[in-house]
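In order, the protein sequence lines correspond to chains B and S. Positions 1 to 89 (the working numbering) are the ones given, in order, by the first sequence. Positions 1 to 422 (the working numbering) are the ones given, in order, by the second sequence.
Because the hints were derived from the structure by calculation, they are not lab data. You may find that some hints are simply not true.
Claimed, not checked - Calculated lysine to any residue pairs in the SDA-like style (CA-CA distance at most 20 Å, straight line): (1) B:K44 with S:R283; (2) B:K44 with B:L31; (3) B:K52 with S:C125; (4) B:K44 with S:A284; (5) B:K44 with S:R97; (6) B:K44 with B:L7; (7) B:K44 with S:L129; (8) B:K44 with S:L67; (9) B:K52 with B:V29; (10) B:K44 with B:F70; (11) B:K52 with B:M38; (12) B:K44 with S:F132; (13) B:K44 with B:P58; (14) B:K44 with S:E124; (15) B:K52 with S:R128; (16) B:K44 with S:R119; (17) B:K52 with S:E124; (18) B:K44 with S:P131; (19) B:K52 with S:L129; (20) B:K44 with S:A64; (21) B:K44 with S:K318; (22) B:K52 with B:L31; (23) B:K44 with S:R68; (24) B:K44 with B:A69; (25) B:K44 with S:D116; (26) B:K44 with S:R95; (27) B:K52 with S:S126; (28) B:K44 with S:S133; (29) B:K52 with S:D127; (30) B:K52 with S:P131; (31) S:K318 with S:I270; (32) B:K52 with S:Q130; (33) B:K44 with S:E178; (34) B:K44 with S:Q130; (35) S:K318 with S:G294; (36) S:K318 with S:A284; (37) B:K44 with S:L121; (38) B:K52 with S:T120.
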Amino acid sequence: MNTLRTLEEILVRDYGVAADQVTLGANLVALGLDSLSMLELMFKIEDRYGVKITEDAPTDLTTIGDVVAFIDGLVARAPDLAAASTRPS
Amino acid sequence: MRARRVAVTGLGVVAPLGYSPDELFENLAAGRSGIGRLPPCGVREAPAPIGASVDFDGSGFFPAPRLRMLDRVSQMALIAAQRAIADAQVDFTPRARARCGVFVGTGLGGATTTADCYRTLFEECSDRLQPFSVLNAMNNAPAAWIAIEHGLEGPNLTFSTACSSSAVALGEAARRIESGETDLMVAGGAETPLIPGVLRAWDAMRTLAAADPQDPSASCRPFARTRTGLVLGEGAAFAVLEEWQHARDRRAPIHAELKGYGLSSDIGHITRPTVEGQARAMRAALQAAGLEPGNIDYINAHGTATLQNDVVETAAIKSVFGSQAFRIPVSSTKSMHGHLLGAAGALEFVVAVMCLRRDSIPPTMHLDSPDPACDLDYVADGARRGLGLRCVMSNSFAFGGTNAVLILTSGDSSGTILRSGD
């Protein structure tokens, strides 16, 4: 749930998404996140979690739940960085 | 005799000295300068530059999700265009939208975004360029956003002819209306050059004015013996141009008539202007307007305060107007709002329309001691009012040699021209 809250905070602040729309099943395009916005979001995730998203950046994320799973996977593969997820952006 | 005439029905500015044409004009008439010290630009040992900046924060106009897709130049263009459209009181119907286009002039486009890219690459040594960089930096972004915002489906063009860009945009827009291709055009210009790389590049050409040690706001001195160069400014200025009968039918406020547009190319040096080139553009505008030199009551000069321009422009005016030249008031408002490069022609077009509306002429400031080669009436003694102005000319010249001249008239008895008092 922590990841979802963090994502919600970014989407509300930088993309003008209403907080109550950020649910696991919400469709990214329906929230107004086009492909360029998703690329931009990857930078924000890198900064927030202190990770580097390389060529394996996914292109098949369609829901908020997909993004949450993607972030959790990144953090799991870099456990030493997990602590960074709690730092303020 | 042209069948279709072009009315100016809306004006909007985001400029040094004003967020509205009225505020801008009142400041100019009062001789107030928008030029001052800018923040230091981060270059060691370099003095803080001077410029005419706009107190503008896009976050006051656009929500964050929108803002990240708009370079500062597009932000200013959108606000100025929106105000021009509001001023024209246009309510776009689906049919009207199909016959309405957007023409914009800009020299540098989204230069702030381009600078940000280089900062990321070379200062932060990072390759994480923002995904919107290309869309924010491209020169046609302001025109595209204006069309998207207002649903204007007609021709959408961006002109880049350096310092005459937006005068060209206005003139070409008028021609689309005259030809019958469109009924209404949103036209103008935007420029945001007050960033370190651009300021330093202009300085490297030795064209920028030295800061006046006593009073930085008096650093731009067109036609003066003591002039040292131009001062860069930022901002946006837009007009709504409309086919005359179209404007009459919807009882639109008509500010003026865009009567003539003349273009020429200097075909000389890439930077050095020519008397013949500038004179050809003025003659072409007079011919297009069906007017004689004796009909012109005021000239808003290009008047950059560079050593070259002011002498050449003075000679060109004398070449076109002959002995009439000494009778016609000529002023350079760049002495106060600076040189907006690609937006300069549109800003000065707005000033020229306001001259007709207010029946007054703003002065050339800081002209205590004219260059002996600049011997016209430059309105150095303060604004003049109640002259019965009917016909004014606005000059825009450029590096590269594309000269553009626009002529505006207060119309005739068949029009519903607004003329407000001071």
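| task | Check each numbered hint from earlier against the structure, then list the numbers of those it violates in ascending order. | result | Hint check: 1, 4, 5, 9, 21, 22, 26, 31 and 33 fail, others pass.
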